[in-house]
Amino acid sequence: TQLLEQSPQFLSIQEGENLTVYCNSSSVFSSLQWYRQEPGEGPVLLVTVVTGGEVKKLKRLTFQFGDARKDSSLHITAAQPGDTGLYLCAGAYTNAGKSTFGDGTTLTVKP
Amino acid sequence: DAGITQSPRHKVTETGTPVTLRCHQTENHRYMYWYRQDPGHGLRLIHYSYGVKDTDKGEVSDGYSVSRSKTEDFLLTLESATSSQTSVYFCAISRGAAYEQYFGPGTRLTVT
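One line per chain: the protein sequences are W and U, in this order.
Counted from 1, the first sequence has number 38 at position 38 by the numbering used here; the numbering is strictly sequential.
Counted from 1, the second sequence has number 200 at position 89 by the numbering used here; the numbering is strictly sequential.
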């Protein structure tokens, strides 16, 4: 049973379009992270959200943590080819010492 | 840059041979992790460590062992490699109360 479900699994769009990807769970997390991974490299942390309802912005990327701290979304405005990659969410519990990762959303932005 | 290196970066080995992958960090972090990444499975935790000689199993620990004799080094051993262990292996450290992960560059292991 996958603790964190990410959707869609694959997304291919044209440059300039907007998109939203989702990370859903039946569990309540104390924090949730989003990572981006490019081919041949390790994932890179984008953001951490810890408060229910929290919204964080990173240039054209907007991250939201659900009010119940069970789900999160990532919205990209005016996508660019440089946004292409695998987007992973991960949830952590207080004092657990580890995180649980979703299977990711593979995003392709075509010029 | 979290100062994480992995060695080797690429390895091809035969079924039944032992393999050891090394992760080295330069920042003295307490927590270290080994993950494997396969198409369609995202990142799956193999083992992790919360201090020297303190380790625990992850969700896919069968066939793997780990050791941490120094803060800076975390070793992953496949005692007898199998083709199902062909994968990309990532080491990570965590910082902060939310266990944000910082990853090494990965090791691509092929078991023939």
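Treat the hints with caution; some may be incorrect.
What the hints assert, rightly or not - Lysine to aspartate or glutamate pairs mimicking DMTMM-like chemistry, simulated, CA-CA at most 25 Å apart:
hint, chain 1, residue 1, chain 2, residue 2
1, W, K98, U, E183
2, W, K98, U, E125
3, W, K70, U, E170
4, U, K168, W, D103
5, W, K56, W, E38
6, W, K98, W, E15
7, W, K110, W, D67
8, U, K122, U, D149
9, W, K59, U, D149
It should be emphasised that the hints constitute simulated quantities derived from the structure, not laboratory data.
Results for each hint:
no. : hint              : verdict
1   : K98(W) / E183(U)  : holds, 18 Å
2   : K98(W) / E125(U)  : violated, 32 Å
3   : K70(W) / E170(U)  : holds, 21 Å
4   : K168(U) / D103(W) : holds, 20 Å
5   : K56(W) / E38(W)   : holds, 22 Å
6   : K98(W) / E15(W)   : violated, 36 Å
7   : K110(W) / D67(W)  : violated, 34 Å
8   : K122(U) / D149(U) : holds, 16 Å
9   : K59(W) / D149(U)  : violated, 30 Å
In terms of the numbered hints stated before, the structure departs from hints 2, 6, 7 and 9, listed from lowest to highest.
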